[in-house]
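Peer 1: Start counting the sequence shown at 0; every next residue gets the next number (numbering that gives the first Met the number 0).
Hints may contain errors.
To be verified - Below, simulated DSBU-like cross-link-like pairs (lysine-lysine); rule was C-alpha separation at most 30 angstroms, straight line: (1) Lys-48 <-> Lys-106; (2) Lys-167 <-> Lys-142; (3) Lys-167 <-> Lys-109; (4) Lys-95 <-> Lys-106; (5) Lys-5 <-> Lys-33.
Treat the hints as calculated values from the structure; they're not laboratory data.
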Amino acid sequence: MLEKRKGEKIHIRDIEISTYTCDVEGIIVEGILKDDRLTPYYTIMGESKPPSTIHHMIIRMLVNGQPLTIQDIEVEMPCSPREQCRETMEFLNSIKGMTISSGFTEKVKKTIGGNKGCAHLTTLVISMAAAAVQGFWSYYARKPISSDKVSLGIIKQHLVDTCWLWRKEGPFITTFNELSNKS
Numbered sequence: 000m001l002e003k004r005k006g007e008k009i010h011i012r013d014i015e016i017s018t019y020t021c022d023v024e025g026i027i028v029e030g031i032l033k034d035d036r037l038t039p040y041y042t043i044m045g046e047s048k049p050p051s052t053i054h055h056m057i058i059r060m061l062v063n064g065q066p067l068t069i070q071d072i073e074v075e076m077p078c079s080p081r082e083q084c085r086e087t088m089e090f091l092n093s094i095k096g097m098t099i100s101s102g103f104t105e106k107v108k109k110t111i112g113g114n115k116g117c118a119h120l121t122t123l124v125i126s127m128a129a130a131a132v133q134g135f136w137s138y139y140a141r142k143p144i145s146s147d148k149v150s151l152g153i154i155k156q157h158l159v160d161t162c163w164l165w166r167k168e169g170p171f172i173t174t175f176n177e178l179s180n181k182s
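Using the sequences and the hints given, assemble the complete structure.
Peer 2: Here you go:
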């Protein structure tokens with residue numbers, strides 16, 4: 000059992016994603032990525048460093064609409080291993096207007112991945128997309144959801160074939176289709 004084989008903890012990566020209501024229509028999705036090295040270490044340049052936070056990055060996105068669209072974005076880097084890392088913050092402006100729908104991950108990687116951005120910011124944006132969908136549902140589920148708000152198109156776009164439960168031929172989609180046909 001791997002649990003019993005664990006030794007000293009040497010690194011922690013925390014990703015926290017929260018969704019907030021906003022003063023305009025839509026939601027604000029905030030993602031925080033933090034990497035902590037828990038033991039002394041050497042950088043790739045040979046510098047000796049004490050245990051410390053090596054990445055602390057924050058992204059906030061204003062998301063709204065159908066399909067869900069990134070309407071605004073802001074980035075902070077309270078901590079990064081190199082000053083040059085901060086140059087990548089402005090690159091995220093290029094995903095404004097991008098829809099969070101099928102193919103989002105590939106579009107993000109193509110737009111800000113690899114040498115076009117920061118691997119950690121890219122990871123955080125991709126993680127935030129799935130959370131944005133959940134946050135959007137939480138935003139609308141605060142009150143009873145009328146059938147005109149939940150169309151088959153929205154279900155297909157965000158739920159169908161995303162997991163075993165929501166598979167196209169599964170009982171949830173079948174039931175939803177039956178209910179949609181009755182109304």
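Peer 1: If a hint holds in the structure, say so; if it doesn't, say that too.
Peer 2: Going down the list of hints, with the structure as the test:
1. About 36 angstroms separates the Cα atoms of Lys-48 and Lys-106, which puts this hinted pair outside 30 angstroms; it is violated.
2. Note on Lys-167 and Lys-142: the hinted pairing holds, with a Cα-Cα distance of about 27 angstroms set against a maximum of 30 angstroms.
3. Taking the CA atoms of Lys-167 and Lys-109, the gap is about 29 angstroms. The hint holds against a cut of 30 angstroms.
4. Using a Cα cut-off of 30 angstroms, the hinted pair Lys-95 and Lys-106 holds, with the two alpha carbons roughly 12 angstroms apart.
5. Proposed proximity of Lys-5 and Lys-33 is supported: the alpha carbons are some 22 angstroms apart, at most 30 angstroms.
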